Amino acid sequence: MDIKGLVELTHSQGIMRRYFIVNGFDGALTMLGLILGFLFSTPTDINNIINVCMGASIALCVSGISSAYVSESAERKYVLTKLENAMITDLSQSSHAHAARIVPIVIALVNGLAPLLISLLILLPLWLYKSGMVLPISPLIISVFIAMTVIFLLGVFLSRVSGISWWQSGIRTLMVGILTAALIFVFVG
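Here the sequence shown stands for residues 111 to 299, where the numbers follow our numbering.
Note that these hints are calculated values from the structure, not bench results. Hints may be right or wrong, so weigh each one.
[Unchecked claim] Computed Cβ-Cβ distance ranges for the label pairs, DEER-style: (1) 281 to 251: 15 to 25 Å; (2) 295 to 132: 17 to 27 Å; (3) 192 to 147: 40 to 50 Å; (4) 155 to 211: 44 to 54 Å; (5) 238 to 270: 28 to 38 Å.
A quick note: this is a predicted structure, and the numbers were derived from the prediction, not measured. Backbone N, C-alpha and C define an ideal beta-carbon position, used for all residues, glycine too.
With the hints as extra help, turn the sequences into a complete structure.
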């Protein structure tokens, strides 16, 4: 059975979607917070900004992969044991056992890669600036706009699940980004 089949067998699509949104949101808000912190601070070398942001991105990724793997592995093992007890049979060679081993890995990768990939997208203007590309405005400002756009798009993605309009869902998540920026401005700026 392929990965898609194993995910369907365990009904894990919703879990993966939630993990993608939750940790993607964490990645976007973390990058937004770091970048705004640098914007409101004494000017800092672009290499230092990239290094700090990459350190946070990698930490979010490793945390997401390890925490999801540990918790999902335990949960899948528990469900498999309950199923074996209910059926009074050993399922160690079944598709369910295979899913109990593979699905936690897939979920963990989604959970960890979401904040990393979103962070890399947000940091793109910093790398372009570092490589010598002339940008029309500060790369930090462009990164803030990208972060806010990603936050909005995560809301749009959620609208497919929640059944509310895409713009209403996008605006709702964007308001969280704006509130975060306002709090950073008040306490740091």
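Tested hints:
Between residue 281 and residue 251 the Cβ separation comes to about 21 Å, which falls inside the hinted range of 15 to 25 Å. Evaluation of the 17 to 27 Å hint for residue 295 and residue 132 yields a pass: the beta carbon distance comes to about 25 Å. Distance hint check: the CB atoms of residue 192 and residue 147 are about 47 Å apart, consistent with the given range 40 to 50 Å. At about 46 Å, the beta-carbon gap between residue 155 and residue 211 stays in the expected band of 44 to 54 Å.
A C-beta distance of roughly 31 Å is found between residue 238 and residue 270, which places it inside the suggested range of 28 to 38 Å.
Hint check: no violations occur; every hint is consistent with the structure.
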